[in-house]
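Just so you know, the sequences run in chain order D and E. Taken in order, the first sequence gives residues 1 to 113; the numbers are from my numbering. Taken in order, the second sequence gives residues 1 to 116; the numbers are from my numbering.
I should point out that these hints are in silico values taken from the structure, not numbers from a laboratory. Small disclaimer: the values here were computed from a predicted structure and weren't measured. Worth double-checking, as some hints may not be accurate.
[What the hints assert, rightly or not] A few chain E residues facing chain D, derived, Cβ under 7 angstroms:
1) 28
2) 29
3) 32
4) 42
5) 43
6) 44
7) 104
8) 106
9) 108
10) 109
Glycine included, every Cβ here is placed at the ideal spot set by N, Cα and C.
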Amino acid sequence: GAGVSQSPSNKVTEKGKDVELRCDPISGHTALYWYRQSLGQGLEFLIYFQGNSAPDKSGLPSDRFSAERTGGSVSTLTIQRTQQEDSAVYLCASSPRRNTEAFFGQGTRLTVV
Amino acid sequence: DQQVKQNSPSLSVQEGRISILNCDYTNSMFDYFLWYKKYPAEGPTFLISISSIKDKNEDGRFTVFLNKSAKHLSLHIVPSQPGDSAVYFCAAVNLVSSGSARQLTFGSGTQLTVLP
Numbered sequence: 001g002a003g004v005s006q007s008p009s010n011k012v013t014e015k016g017k018d019v020e021l022r023c024d025p026i027s028g029h030t031a032l033y034w035y036r037q038s039l040g041q042g043l044e045f046l047i048y049f050q051g052n053s054a055p056d057k058s059g060l061p062s063d064r065f066s067a068e069r070t071g072g073s074v075s076t077l078t079i080q081r082t083q084q085e086d087s088a089v090y091l092c093a094s095s096p097r098r099n100t101e102a103f104f105g106q107g108t109r110l111t112v113v
Numbered sequence: 001d002q003q004v005k006q007n008s009p010s011l012s013v014q015e016g017r018i019s020i021l022n023c024d025y026t027n028s029m030f031d032y033f034l035w036y037k038k039y040p041a042e043g044p045t046f047l048i049s050i051s052s053i054k055d056k057n058e059d060g061r062f063t064v065f066l067n068k069s070a071k072h073l074s075l076h077i078v079p080s081q082p083g084d085s086a087v088y089f090c091a092a093v094n095l096v097s098s099g100s101a102r103q104l105t106f107g108s109g110t111q112l113t114v115l116p
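Please build the complete structure, drawing on both the sequences and the hints.
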């Protein structure tokens, strides 16, 4: 596909379970971002990957959150032992090396019950 | 510590009038600014951007103004249309930095409602 693809689009999970969210960035884009948007809130930065540089993990809210980017392409955001406050829309974005315009996926709506 | 701030969570404007969305930043190293629009259940989409070497950039009904001394930018939509109703995010980046420091920083967004 031509755009950023995220899966699943919706995820309902029980409190305490682990979840994995997937992001397929636009081919050739070296930068990849994860954000989340809780109900009524703005975009909250989580983590940023740029090429081979060490990722900026400063936005991850707790050690239950981790992310990987394999082969400089697909990224997985993992949330362990989910809590109700983790419920949000998780957005992934990618951008080309020399272009700051980030293209967003449609997001994964996570609901922890 | 929010480096990019949108102090108005919501704004209502009559159709045909001007919408003015404001954004303030604190990091003087930011040198490129962007506006994104987000509809419900969709990811944000890029709208317009401006480099710090300019003070104005215009694209159709959308104009972004940058006041570097005040660390302030604004998005003007003229004339406003009901289809413009969305959440608008401003974002900033330091293009000179590299690696993980070169990332977009977003504001918290402003919900614009254009009334017919």
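Hint-by-hint comparison with the structure:
1. 28: Violated, because the Cβ-Cβ distance from residue 28 of chain E to chain D comes to roughly 18 angstroms (cut-off 7 angstroms).
2. 29: Because about 14 angstroms separates residue 29 of chain E from the closest Cβ in chain D, which is outside the 7 angstroms limit, the hint is violated.
3. 32: It holds, given that the least Cβ distance between residue 32 of chain E and chain D is near 6 angstroms, below 7 angstroms.
4. 42: holds (6 angstroms)
5. 43: holds (3 angstroms)
6. 44: Holds. Min distance 5 angstroms.
7. 104: holds (6 angstroms)
8. 106: Interface hint status for residue 106 of chain E: holds (4 angstroms vs cutoff 7 angstroms).
9. 108: holds (3 angstroms)
10. 109: Hint holds; residue 109 of chain E Cβ to chain D Cβ min 4 angstroms, cut 7 angstroms.
In terms of the numbered hints stated before, the structure departs from hints 1, 2, listed from lowest to highest.
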